[in-house]
Every structure is written in structure tokens, then in C-alpha cells.
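Engineer: If you read the sequences in order, they're chains V and E.
For the first sequence, this note's numbering assigns the number 1 to the initial residue and increments by one for each residue that follows.
For the second sequence, this note's numbering assigns the number 1 to the initial residue and increments by one for each residue that follows.
Because the hints were derived from the structure by calculation, they are not lab data.
Given the structure is predicted, the values throughout are model-derived calculations rather than measurements.
Fair warning: there could be bad hints in the mix.
Under the rule of at most 35 Å between Cα atoms (straight-line distance), these lysine-lysine pairs were calculated in the DSBU-like manner [said to hold, decoys possible]:
no.: 1; chain 1: V; residue 1: K205; chain 2: E; residue 2: K53
no.: 2; chain 1: E; residue 1: K53; chain 2: V; residue 2: K208
no.: 3; chain 1: V; residue 1: K208; chain 2: E; residue 2: K39
One-sided and incomplete, this derived list gives chain V residues near chain E with beta-carbon spacing under 8 Å [as the list claims (entries may be wrong)]:
no.: 4; residue: F123
no.: 5; residue: G284
no.: 6; residue: G375
Glycine included, C-beta positions come from ideal geometry on N, C-alpha and C.
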Amino acid sequence: MEMFLDFFSNTGFALADYRNLIMLGIGMLFIYLGIAKDYEPLLLVPIGFGILLGNIPVFKGLGLSIYESNSVLHYLYYGVTQGIYPPLIFMGIGAMTDFSTLLARPVLMLLGAAAQTGIFLTFLGALALGFAPNEAASIGIIGGADGPTAIFLTAKLAKELIGPIAVAAYSYMALVPVIQPPIMRLLTTRKERLIRMEEPRQVSKREKLIFPIIAVLLCCYTAPAALPLLGLLFLGNLLKEAVVTERLAQAARTSVIDTVTILLGMTVGASTQANVFLTSKSIGIFVLGALSFCIATAAGLLFAKIMNLFLKQKINPLLGAAGVSAVPDSARVVQMVGRAEDDTNFLLMHAMAPNVSGVIGSAVGAGILWSFIVG
Amino acid sequence: MTGIEAILHHNGFGMAAVGVTIVFTALVTLSLIISQLHKLLLVWEERETYINKARRMFSLLGPKEVRRAKNGEKQAKAKYIASIKESSRQFNILIQAMGEPFSLPELIRIAESLGIESPYAAVAHLIEGDLIIPDQKGFYLWNHEAYNSLSKRS
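Isolated chain V (complex conformation):
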């Protein structure tokens, strides 16, 4: 009997407290949203399952917890804490992305830059709330709406916040269809939402080939700290456009990104152990993250309206909302809101331009914050 009681005292049932139950609820909610609601299922399902794994209480010393140096999960988590997974995901994104619309209408790139204002305003907000500069920078980057970038910067600046920041970033990315439309409707008139975009010009193969080389050199010479993310993003894109490296591009956009996404999602989820995750800081991070995301969306929309004051051929200001780099979800939301006004107005293709420039912009923003804080 004593042996049985001894064994029972070491089971999860005996070790768990109410906070673990809250986290299990959150994990299950993520899995539900991913599977039943189809909100970013590729991310929310592994993260949700990881949350379940991370909140199974284990006793220390067996090498089971993600925070124990000899555990399997800890080794897998190494790719997160050292910032290895995010650049690999960027390589896959690069190998999937077609920059044609951006090359055809480069002016739309400014919308991607404008949306990054959210990062820096939230950075200020976080400083004002008493967060240290490294933490404030990691929180601000949530406004970039780019999970890998947020994880990368947090891994470099505030490792202890990776869990809440990653969960916040991916949650808001998944909630793009819920968060963005009200802001878009609030800041634009019906007339503006009905604006049709002119057909983009045909982009040559040679342009698409040269672009990743020019872009990586220019962006990384400007913000060298963006090199790990943008270097691999544009490598992936060059592999895609070169055609002769199709095999490598195929690997980058399928097996590499899928493997890394599973590992990253699961370990980030597992890092949200109740005692680490359920803190007042996490609540602050979630509130500021939501604010950051809203500011980024609004900044993109307002900048598009300002651009229209100077442009002969007006652009649909809804495209500004795609400046946050949740690819391709925010572009899809632009299409959805545009079509709600006019069923024959197709904005998706045009929205991809600010969307991919948002990816570049948020990586540059992350690089700048990293160099400011560390330098």
C-alpha cells in the first residue's frame, strides 16, 4: 500500500494544481480552434498539443520537463532558444513566395513598412508599463504578426518570455480574420473599399531571379542583424526562382518547413508550463500583443489613405491591413472584406504585395531592435 501511495504521489494527478488545468484548457482550445475552426491549424494543433505535454506535471530529476537540461524536449527546444528554427521556416516561406505582385507594383511595399510602426509604438508602450527594454522589444515584435520573427527576437533578447510571446503571436495570427475586419471597416469608407486595383504588369523571370539577391544585399547591409531571417528567406526564394534547384526548393517548402513547424510548435507549446506561463507578465504580453497587432493594422490602413492623397491611380486602402506579415491570412482577410462590398473586386493578388513586404519589414524591424538592445 505504501508503495502504491508513493507511486501515486509522483503521478500527474497528485502533482497537478489548478494552473495546470487552466493551461490544459488553453491547449485544448488551441486544438479545437485549429481543427474545428480551421484557424492556422498547422500551428495551433502542434502548439496546443505541446501545451498539453508541457502541463503534465512531472517530478524533477528524471529528465522529462522541457526545462531540464537532459530531457528530449529540451534538446528539441534548443532550436527555439538558439533561434535555429525561425530562419529555417523563413527559408520555406521564401521557397513558397511569389514576389511577382510586389515587383509589379513596388509602391505597395510602403504599406508593409507602415504596418511595422505598430512594433515600435508597442515597444514604447511596453517600456511605459515597466518592462525592461529587451522584454519590450520582444513584445513589440508581436505587432509584426510574424511568429518566427517574434520567436527569433525573443530567443535572442528575452528567452524566459518565449512561451507567452510565441503563444500570443501565433494566437493573434490565427485570429487575423477576427481582429482585422472591424478595424478595416472602422478606418475606411465604403467608397474606398470599392476601389479597384489596376491589373499588374507582367514580371519577367529575370526580374524574379535578381530580386532576392538585390533584396538580401540591400536589407542586410542596412540592418545586418536581419541576416539570419532574411538571408534564408531570400535563399529559399532564389532556390524557387532558379528552377534548376527545384529539388531543393521543394524540400525547403515541404519537408524542411513542415518538420521545423512541428518541432517549433510542439516545443513552444510545451514551454508554457503553468508556473512559467501564468504570470502577470504574460497577461501584459497578451494585452500589449493585441494592441500591437491592432496598431499595425491601423497604421497600414491609414498610410494607404495618405498615399492616396498623392497617387494618381488610387489604391484600395484595405491593402494596408495586409502590411502586417501574417502570410497569407491578412491578404485573405483583405480579399474577404473587399468582396463583402463588391463581389467582383478581387484584391487577394494585390494584397500579397504588402503582405510579403511586411515579412521583410518585420524581419528588418527585429534586426534593428536586436542591434539596439544588444549593441
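Given chain V, put chain E in place with the hints provided.
Structural biologist: Frame of chain V; chain E shown alone:
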């Protein structure tokens, strides 16, 4: 420390302003470059034409190069005339056998069946040289006058 005091203490306003400026600078520069990229590529693809134009404009061609270029032009012209002469001789016979007016697809079909080399290009050259002219009713005629004057050219 919280509020404005915290921001000022950590030089937050400076970092945010410089950060936004750098992001904008990078993306504006990139957008400027890529907006001109297709024009630069077009210039690169047409470089021979532009180089020749520039050379002519600034008279940079030396006497030797001018002679070489002129010889090249002459040789190409002679080659073209010889080829058009040969085609016109072959097609003259063919059209006489077919009768006038004739349809171009029929002419090309017969020329192909007789094994005449590159009949499409040859017919295109003959139309360019006004040896084959439209009769304004959808068919074509053989320009005997132009053919005779071409035959007389050395």
C-alpha cells in the same frame, strides 16, 4: 520605473524613431530599385542597339571599325539579296504553275511538299520585298515587275 519616465530613461523615443526610419529607408530604397529593375533589364537586353546608337551619336567609331561595320553591313545585304533572289526564282516557277491569284496557305503547302527550304520565312521575305502583293480580295498576286528588276540586279 513606468510611464514617460521609463521611456526617456531607456531612450525609447530615440530607438523607436530611428527604428521606424531605418525600416522605411530599407523598404523605400528596395522599392525604388525594383521599380527601375525592369527598365534596367530592358536596357541590358537591348544593349547592342544602345551601344551602337551611342557610338553613332558621339562618333566614337574609329576608321577601322567603321570600315569593318560597313563591310559587315554590305556582306549581310548581299547575302539577303542572294537568298531572296533564289527564293523568288523558285516561287516564280511555282506561282506560274499554280496560276494567279493564289492563296498563301496553298502556296506554302505546295512549297513544303516540294521540299523548298523554310517556305514560311521565304514567303515572308517575298512579301517584305513586294514580290508577293495582296489583290485586296483575300488572295495574292506575283509582282512580275519587281521580280524582273530584282533578276537584273547583280
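Engineer: Taking the hints in turn, state whether each one holds.
Structural biologist: Verification of the hints:
no. : hint              : result
1   : V:K205 with E:K53 : holds (27 Å)
2   : E:K53 with V:K208 : holds (29 Å)
3   : V:K208 with E:K39 : holds (14 Å)
4   : F123              : holds (6 Å)
5   : G284              : violated (12 Å)
6   : G375              : violated (11 Å)
Checked against the numbered hints above, the structure breaks hints 5, 6 and satisfies the rest.
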